Amino acid sequence: MTTAKAVKNVPPHPMDALLRTERIPHIWCPGCGIGTVFSAVLAAIKNTGWDPNTIAMVSGIGCTGRMAGYIRLDSFHTTHGRALPFATGLKLAKPDTKVIIVSGDGDLFAIGGNHFIHAARRNMDMTVVCVNNFNYGMTGGQQAPSTPLGAKTTTSVNGSPEEPFNLCDLAATCGATYVARWTAMQVRSLRSSISEALEKRGFSFVEVITPCPSSFGRRNRMGTALEMMKFYQGRSVIRSDINPSEALVDIDREIVVGKFVDTERPTFMDHYAKVNRLNLPQWRAMHSDHQKGR
Amino acid sequence: MTAKEVRTGMHFMNGDEACCEGALAAGCRFFAGYPITPATEVAESMSRRLPEIGGIYIQMEDEIASMAAILGASWGGVKSMTSTSGPGFSLMMENIGLGLCTETPCVVCNVQRAGPSTGLPTLVAQGDMMQARWGSHGHYEIIALSPSSPQEMFDFTIRAFNLSEYYRLPVIILADETIGHMNERVIIPQEEDIEIVNRRKPTVSREDYLPYEADADGIAPMANCGDGYRIHVTGLTHDDRGYPAMDAKAQEKMITRLVDKIRKNRDKIIRTQNLYLDDAEVVVVSYGISARSAMQAVRDARGEGIKAGLIKLDTVWPFPEELIRGVAPRLKAMIMAEINGGQMVLELERAACGACPVSLVSNFGGAILHPGLILNAVAKAAKEKP
Amino acid sequence: MGQVIVIEDRCKGCSFCIANCPRQVLRLSTVFNKKGYHPPEVVDTTRCVNCHFCEILCPEFAIYSIEFDDFEE
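Listed in order, the protein sequences are those of chains A, B and C. The working numbering puts the first sequence at residues 1 to 294. The working numbering puts the second sequence at residues 1 to 386. The working numbering puts the third sequence at residues 1 to 73.
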């Protein structure tokens, strides 16, 4: 019988260098998809090869927002819905920093909705990873702008009476230069998309349909976390390059995933540099990166 | 010709513009704001001046975003500021709290107008005084300065930046519509004569650095984003590492330090300008535009032989209770002159603690206080039997 | 070939790794970790091909595979 010899010098987990290991295990529930998304984010960051000291994470409030507390980078856990404007200030003050915003569907599109549409409109050079678990998980599972019509939550016990946003469509309409959606189970595609989003110049957006077994899953009788992961993946249909308005999330029928938008557009700083250079006798950029429009 | 960061010289400008010039002289290079009367000119001045001196102006979608953006820029290592009036100040409250909890240096200028709600957008009031102190939820200390002229707008804005950098918190400039829109002489000194204070930076290595481990004076050195310290910053109650610490003990420790930062340094922060205090029998306490009405009234009273004095609050928060407690016992009366229903008068009453009668000369907003009104009150108080 | 390493005390027993390993290397153990969960255990270590799927799926950073060829008969 073949047996393995003992492993000498067991290496640490490959992500340990980017984790605040003194705070692991993290607070997310068993089977929560956020951990998987976090792993994908870390892998994408590692993949870039960038100096970790030049990367910052900004998050909002909610389960996903806690991610900022576990990543061993400069990280900012801000107020509910306000990660994007905070990140805007940070990026403009320090353009050589790559800013990643990680937050939930409620934080980014309910209270943070106005900030989202303007950050996308300005084409701020940043990457947004949105964990969409169809509810507000941290506070116990309330209805959110992403909650499917008729789904049960603690504030819609008879079923949500509202039609949800198509987050990718919203992002694309507002001017995001990169828009993709995957389910948490599709980890390789997810890692790849987040990598592309990080490298992408401009406002890039990746939505991840993620199980919330404790709240949304339980109230809608979706089974275990594993069953939810498989369910979302099972419902998913990959259709890249279609019009984002047709990339619907209908958990009763199909969840369209893929890369929907990958385009080029001048960033806020491109325009700011250009108008000032044209009109001021001697425009002085704050940083050399600003001169280049970064 | 290169644009100057510091426009040394004698100028005739309004308070809003002077605030902008003061900020630039203090090293501010980031402004995020939203138009609102009567603070719009601060933003407009910034939008013109910042690009020509290596700064960035961005007009955010609302005041909430403006406050968030200036916090972010501060963590990016750039001195930052916003300006607003009452309605915007109300919106900024949550993020001011974030700035307080995370100890983020920045400046918020509130050019007050009459409220509540939309109120009188173009007319003066001083109705946000208590809001500046208590407007955000939870318990905290705040520093707020109250300029009484465009010159003081310039000078106090520089001081606001210095205080915010040193004590690591958002500092409020409580101006008012009259000061903001008044045009007066402003003398801007040579750049080398302007004292600038910058945030304390860590001197230890990344391994030894704890973002919220304070020095003996209660202030923690601040590493910015990208300095290599891999900081975590959160609005949750946190420990010295900056990590969330969710219990009463951690709350006690953190809030005590945040509050003591200001409380134990009151003598360095508080500034008043006192007039005729030594032999005064009736003292008027005032701030902002009302202090100028009060000063006129006090001079007129002296002219009539009344022993009147003035305490002008350059800093409104922290409130100079030690000074008040010291003078009140020997006075016939103290009078607060302010344009609101009685806000700082509550502090005056509290500090005087019954040692002498305290009264109020005020209106609810829309017009400045006529010096005659204050003079009448002074004369009446002076006639009272002790 | 590969070897699976489990950091038992990080595991929360979600079973993502067990259900999705393409080589059925893992099963739920009967031991309890510090928090009372059952971490995965290796059924047959020679089956692992170091595909890293368990590693990239795991929400807890509790499992990973490494390159390993040190087998003996």
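Hints are computed from structural coordinates only; laboratory data are not their basis. Keep in mind that this is a model prediction, so the values were computed, not measured. Where is the CB? At the ideal position from N, CA and C, for every residue including glycine. Among the hints, erroneous ones may be present.
Per the computed footprint, the stretches of chain A lying under chain C, defined by three or more beta-carbons under 8 angstroms from a beta-carbon of chain C, are [said to hold, decoys possible]:
id	stretch
1	16 to 29
2	179 to 192
Just some of the chain B residues that point at chain A, by a computed CB distance under 10 angstroms [unchecked claim]:
id	residue
3	Ile56
4	Asp62
5	Ile64
6	Met67
7	Ile231
8	Arg241
9	Gly242
10	Tyr243
11	Ile368
| message | Tell me the hint numbers this structure goes against, listed in increasing order. | response | 11
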